[in-house]
Amino acid sequence: MINPTASSQELTANSCELTAKIWQLLEEVTDPEVPVLSILDLGIVRTVKVEGEQVTVTITPTYSGCPAMNTIATDIRLRLLAEGITQLTVHNQLSPAWTTDWMSAAGRAKLTAYGIAPPVDGTATGHVLNLFGKATAVACPLCGSAHTQLVNQFGSTACKALYQCQDCREPFDYFKCH
Amino acid sequence: MDHPADLQPAPAAIAHAPTVRQQLFEFVLQLADTSLVLGHRLSEWCGHGPVLEQDLAMANIALDLLGETRSLYQYAAELEGQGRTEDDLAYLRPATAYRNPLLVEQPNGDFAHTVVRQFLFDNFHYHLLLALKTSPDAPLAAIAEKSVKEAAYHLKWSSEWIIRLGDGTAESRQRLDKALATLWRYAAELTMPTATEAALQDLGLVPDYRGMKPAMDAHTARVLAEATVPAPQIAPFAQKGGKAGQHSEHLGYLLAELQYMQRTYPGLTW
Chain A
1 MINPTASSQE LTANSCELTA KIWQLLEEVT DPEVPVLSIL DLGIVRTVKV
51 EGEQVTVTIT PTYSGCPAMN TIATDIRLRL LAEGITQLTV HNQLSPAWTT
101 DWMSAAGRAK LTAYGIAPPV DGTATGHVLN LFGKATAVAC PLCGSAHTQL
151 VNQFGSTACK ALYQCQDCRE PFDYFKCH
Chain B
1 MDHPADLQPA PAAIAHAPTV RQQLFEFVLQ LADTSLVLGH RLSEWCGHGP
51 VLEQDLAMAN IALDLLGETR SLYQYAAELE GQGRTEDDLA YLRPATAYRN
101 PLLVEQPNGD FAHTVVRQFL FDNFHYHLLL ALKTSPDAPL AAIAEKSVKE
151 AAYHLKWSSE WIIRLGDGTA ESRQRLDKAL ATLWRYAAEL TMPTATEAAL
201 QDLGLVPDYR GMKPAMDAHT ARVLAEATVP APQIAPFAQK GGKAGQHSEH
251 LGYLLAELQY MQRTYPGLTW
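Protein chains in written order, with full-length UniProt numbering: chain A, 1 to 178; chain B, 1 to 270.
The shape of chain A in the complex, shown without the other chains (with noise of 0.2 Å):
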C-alpha cells in the first residue's frame, strides 16, 4: 500500500515498484481460448499506469470481435484484486492495431507444444489481390511435416485458420497472421 504522507520521491519508488509487480501479475493471466498463453505471451497488454492508487491496464484486442476480451479484463480485475489492487480501470485501445509479430517467442513455443502452429513471421493481411494465391507454408505441430494444406482461412476461433497435415493426416489449427 502507498503512504498518503510520503514524499514525491517515494511516490514515484513505490510506483515503480507496483507497476513491476503488475506486470508480474499479468503474467498469471491467461487467454481463455488458449489456456497456454498468458496475455503477455500474446502481446496485447500495451502499458500500465500507476498513479497514485489508481492503476490503469491498456490492453488492445486480438481481433475486433475476439469474444474473450471481456474474460480477460474480468480476469485481469480479479488477481489484481486478490493482491489488493482496488482502483483499476482496463482499457481497450485499438490503434496501433495488435500484430502476431508481437507475440513472445516464449508464446511461438507453448503454442506449438499445445498443437496450435504458431504466426509464420511476415504473412500477415493485405494481400487481397493475391486470389487463390499459395498459401502461407506452416509445419505441422504434431509431425513437423511441411507437408501441409490450407483447409479454411476461417477456423475455430476469429484468430486461427483450419490447415491438415499431409503426412500424418491429422487437421490442426493455425494462429494466423495478422
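Quick caveat, the hints were computed from the structure, so don't treat them as lab data.
Careful, some of the hints might be misleading.
Stated by the list, open to error - Covered, in the sense of this in silico footprint (three residues per stretch, anywhere, with C-beta under 8 Å from a C-beta of chain A), are these stretches of chain B:
{"id": "1", "stretch": "21–32"}
{"id": "2", "stretch": "139–151"}
{"id": "3", "stretch": "158–171"}
None of the values given here were measured: they were computed from a predicted structure.
Ideal placement from N, C-alpha and C gives every residue a C-beta, glycine not left out.
Given chain A, work out where chain B should sit, using these hints.
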C-alpha cells in the same frame, strides 16, 4: 452484445465543433448500422452453411463485423453525449432510424446470393477502411486501422467465391448470374454520398468516394474476368434510400428478431 463493465474504450480526444460532431455521429452510426445488419444476416447462416468450412467462414465474418459494430456504436454514443449506450443504439431504434444502405439488409437467398452481396459490400468496405485509416479523426482512424485487417480476409473470401461460382458448374454459374442481376443495382448506393457524408468529405474527415472508385472498379473487373462473367448490363438506376432511413420491408423483420429481447424485457442483462 453483453455489457463489458470491466473493459472500457480508451478515452478519445474529440475537439470538433458541435455541427461537425453531429455529422460525425450520423456517419459513425451509419457505418455501425451497416456492419450490424450485415453481420446479423450472415449469422442467420450459422448451422445452415453448404459445408461446415463455409458455415464457419460466414460465422467468423459475422463476428468480425459485430466487433467493428461495437467499436463504432461506442464511439457514436460518445459523440452524441446524451448518455445512450452501444446497446441503446443497436436495440432501441426503429427501422426508420437505421441508416444502413439497402444492400446489406437484403435476405440471404441461396449461397450465391449471399456471396454476391458480400462481395459488393467487402469491396467497398475494404477500400473505405483503407482510406479511413488516415482520417484526422483519431478514434475513427483507429477503428479503421483495426478492422481493415479483417476486411481484407473478407474480400479475399468473397472474391474467390465469385470466381469459383462463375467459373464452376452450369448450376453455380446460373445461380451467380441470377444473384448479380438482382443485387448489382444495390451497389451504387454505397458510394453515393449523403449530405452528411459530403460535408465530412469536404472537411477531409471522410474519404472522397470518387477517389476510391478506380481501385474498387479495378478489383471488380479483375474478379469478374477471372470468373468468366461479363459485367452485368443493367438499367442505370440505383436502388437507394437506406442511408436516408427509407428501407425495404426486410429490415423490419430483421430488427424484430435482433431487438426482440430488449423490446420484450427492457433493460435485460446477461
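Hint check:
Residues of the stretch 21–32 of chain B lying with their CB closer than 8 Å to a CB of chain A number 0, which falls below the three-residue condition for coverage. For the stretch 139–151 of chain B, the assignment as covered by chain A holds, since 8 residues bring a beta-carbon within under 8 Å of that chain's beta-carbons and 3 suffice. As drawn, the stretch 158–171 of chain B meets chain A at 3 residues by the rule of a beta-carbon pair under 8 Å; at three or more, the given contact holds.
Consistency with the previously given hints fails for number 1 only.
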